[in-house]
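Asks: Residue strings, one per chain:
Number of protein chains: 2
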Amino acid sequence: RGSGGLVPRRAWAAPTVLRPIGVLAMSGFIQEARSIDDCLRLAAEGLSFPWNVRRRTVGVSDALLRRSSADIAAPEPYPPFTRSLRDGYAVCHAATTGASESSPAFLKFAGEVVMGAAPPFCIAPDEAALIPTGGMMPEGADAVVMTENAASSDGWVEVRASVQRGENLALESEEIKRSDVLIRRGDVIGCSAPGLLCALGISEVEVMDMRIGVISTGDEVVPADARSVPAGAIRDADTYIVQSILKKYGEASKSYGIAPDDWPALEARAHEAMAECDVVIISGGSSVGARDNTARLIESVGDPGLLIRGINMTPGKPTLIGGSVKDGKLMIGLPGHPLSCVVSTVFVVLPLLDAMCGGGGGAGKYVKLPLASDVQGRTGPDEFIPARLEDGGVRPLAAKSGYISAMMGADGFIRLRPDTETLRAGETAEVWLW
Amino acid sequence: RGSGGLVPRRAWAAPTVLRPIGVLAMSGFIQEARSIDDCLRLAAEGLSFPWNVRRRTVGVSDALLRRSSADIAAPEPYPPFTRSLRDGYAVCHAATTGASESSPAFLKFAGEVVMGAAPPFCIAPDEAALIPTGGMMPEGADAVVMTENAASSDGWVEVRASVQRGENLALESEEIKRSDVLIRRGDVIGCSAPGLLCALGISEVEVMDMRIGVISTGDEVVPADARSVPAGAIRDADTYIVQSILKKYGEASKSYGIAPDDWPALEARAHEAMAECDVVIISGGSSVGARDNTARLIESVGDPGLLIRGINMTPGKPTLIGGSVKDGKLMIGLPGHPLSCVVSTVFVVLPLLDAMCGGGGGAGKYVKLPLASDVQGRTGPDEFIPARLEDGGVRPLAAKSGYISAMMGADGFIRLRPDTETLRAGETAEVWLW
Chain A
16 RGSGGLVPRR
26 AWAAPTVLRP
36 IGVLAMSGFI
46 QEARSIDDCL
56 RLAAEGLSFP
66 WNVRRRTVGV
76 SDALLRRSSA
86 DIAAPEPYPP
96 FTRSLRDGYA
106 VCHAATTGAS
116 ESSPAFLKFA
126 GEVVMGAAPP
136 FCIAPDEAAL
146 IPTGGMMPEG
156 ADAVVMTENA
166 ASSDGWVEVR
176 ASVQRGENLA
186 LESEEIKRSD
196 VLIRRGDVIG
206 CSAPGLLCAL
216 GISEVEVMDM
226 RIGVISTGDE
236 VVPADARSVP
246 AGAIRDADTY
256 IVQSILKKYG
266 EASKSYGIAP
276 DDWPALEARA
286 HEAMAECDVV
296 IISGGSSVGA
306 RDNTARLIES
316 VGDPGLLIRG
326 INMTPGKPTL
336 IGGSVKDGKL
346 MIGLPGHPLS
356 CVVSTVFVVL
366 PLLDAMCGGG
376 GGAGKYVKLP
386 LASDVQGRTG
396 PDEFIPARLE
406 DGGVRPLAAK
416 SGYISAMMGA
426 DGFIRLRPDT
436 ETLRAGETAE
446 VWLW
Chain B
16 RGSGGLVPRR
26 AWAAPTVLRP
36 IGVLAMSGFI
46 QEARSIDDCL
56 RLAAEGLSFP
66 WNVRRRTVGV
76 SDALLRRSSA
86 DIAAPEPYPP
96 FTRSLRDGYA
106 VCHAATTGAS
116 ESSPAFLKFA
126 GEVVMGAAPP
136 FCIAPDEAAL
146 IPTGGMMPEG
156 ADAVVMTENA
166 ASSDGWVEVR
176 ASVQRGENLA
186 LESEEIKRSD
196 VLIRRGDVIG
206 CSAPGLLCAL
216 GISEVEVMDM
226 RIGVISTGDE
236 VVPADARSVP
246 AGAIRDADTY
256 IVQSILKKYG
266 EASKSYGIAP
276 DDWPALEARA
286 HEAMAECDVV
296 IISGGSSVGA
306 RDNTARLIES
316 VGDPGLLIRG
326 INMTPGKPTL
336 IGGSVKDGKL
346 MIGLPGHPLS
356 CVVSTVFVVL
366 PLLDAMCGGG
376 GGAGKYVKLP
386 LASDVQGRTG
396 PDEFIPARLE
406 DGGVRPLAAK
416 SGYISAMMGA
426 DGFIRLRPDT
436 ETLRAGETAE
446 VWLW
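Taken in sequence, the protein lines are chains A and B. Heads up: take any position in the first sequence, counting from 1, add 15, and you land on the working numbering. Heads up: take any position in the second sequence, counting from 1, add 15, and you land on the working numbering.
These are computed hints drawn from the structure, not numbers from a lab. All the pointers check out, no bait thrown in.
Copies of the same chain look alike in the list, so a pair counts if it fits in one copy or across any two.
Capping the alpha-carbon separation at 30 Å, the derived lysine-lysine pairs in DSBU-like fashion look like this: (1) Lys192 with Lys262; (2) Lys269 with Lys332; (3) Lys192 with Lys415; (4) Lys380 with Lys262; (5) Lys332 with Lys192; (6) Lys383 with Lys415.
Bear in mind the structure is a predicted one, so any value in this text is a computation, not a measurement.
Here chain A stands alone, though its shape is the one from the complex:
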């Protein structure tokens, strides 16, 4: 490796020279780190995903932003009966043909539909019944004339506009048929779901209930609530970064504190987490020593151990993936730089959890937007640049991987795929939004 006559120091510097992160020395040749997609596929295969993860039954309100553990099918149709969408008169549409302001149709008043009850009468072709919005259509009627276009007195209804069959009403099961699948296994239950589930009489949902543990590592890291911080030390941020992103996308997690950069301490902390958790996420200290300890730890959990050591992405390259199929433990090592940690959590951890659950993929949204300014890229890695929405387009934000503030004010990331290089202002970029 071209170090001339110099002997490498017997310190952590040496392995770095021989084995830089992201490059694997295999059978005598150097292999570049693989793409995110390849790594996710290899991890899913190597760990025999999907797993049969823990699950729990919760009320519909508590299911919001959690993942469904099964397909949810409609137990009944919706609407449950044919309903009026307007205040007006239920009629046979044929009786209104040609009706207008100057030439109204006159129909016999047949009665009034009461909200929340089945009408006790039918409608003959020459009849009309008063019906409120949401009222159940009487037998025989197939359209509703809006109140604005009708008036009634003395047992007659004057209709001043024609309606078509089905106008101003929602047919029974028009929206949802019995057994229609509403939510797929693994889907994050979004804002729109609880109302729909409740309307169909589903008041409880079984959600995924994985146990996820988060460990921060690094000799320089002190707890976030430390009163004073020694010179050279920094407060723990990665734990909160990881936990916040997981929470936003449906997963509860537990912090197992900070482990220093020594092997017995990390091992002890990790085993404590593994005893309780299905997934253990170790946000690496930023030093090589911490990363090596994390790699050693993941290697030690058994078959298959460490599967992915470095991913061809920027930032986020020093990401590690492995685990134990037998014990059902997914182990992930994240880079310590805050921005790298965010990117790896979003683009590696969340898809891994999706794969582990056997569904989903609802984290964030991709859109294509015009760039407000140039963005520098290069062929090879997947690149992620924090970005802010602006005038309907997107502006890249300057950031180093060590930047913890880079995500403040950012709405998501511009993603430059491996084959994309620099893009100019006005060109369209792929954007991932929170």
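With chain A's structure known, arrange chain B on it following the hints.
Replies: This is chain B only, laid out in the frame that chain A set:
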């Protein structure tokens, strides 16, 4: 109103004819309902927003997705000290000028920076010190040579690449200066905030803690968990629609059940909610009777009472806004149709809460995207069409305002502003995303 010789029935149909929702009869002339923006401005003025709302101190983790009640400023700079962003050697950049693989610079080895501690030595211009990523830069050094470009032995460091001043390091306070404002009053605390706050030693945050009550109304509405539903009745969905959207955008709320379409029942239910809450949201039954009761209720709360009766938007027109400045009560009536209820909650309730808090506006994101198919619009109202992201663009989804399933599979809404009519496939539409 052109009803000829017919006498209006003495039922709920009559007031509808004389005073259709969305049109105000004022001093002898008919005034069209105003735009969303006008209504929000009028409501904010009429209710003397912002109010001094309740607040509560919570731990940083619990602050996620809640609104900050004050500007949050940085108590200390970040980084707290000048740090290396790489594993390598801390040097004076000038000493590396012209260094290359074929013509390396040789510097004296001055020592090793230990993680989490201030280095006990300085760097002279002809010296270099081993430093890990995240390590504190020693005095005198102003750049870092990456490990890949250097090697050391026998007290010397061989540098095979030149570096510029500041290369591979983050300067003290480079990202955040003391007193920089990180989060504004009213902002929803997003995923990226907890990590940053923790890094700066902020472990508690004061958040808005409004009490919001939600009431469903309608004779046809039965509780969502009802075992069986009588013919003509439907389960309550609006309560869950409103509560889910509020929860997603940072607000807890409490359900006060379902009130039937009679005045004393609604009044009693509303007063129960008003005794405990700052905001009362009444999702109207779909009938005119329920809407009239809600309007009467809001009118009755005193000064200014009912301010907005109908908004020029589709769906969502029968939205009511009012309240009492003296008692600090914001009262909102929402249309009962599920899709209308969603649209009014997102585009009226959330901005009203923002205005009440005196900040924010973080609910959802607007982008401009090409349409996958035509979308029908008309001049006049703000129109909202559920839409799904597709290949980086957007596809409008067919929906009636009574549709409860319209939001399933939707990523947001296409918004057609008052001056926008029909748009064709390929044209760019404004899209609001969850």
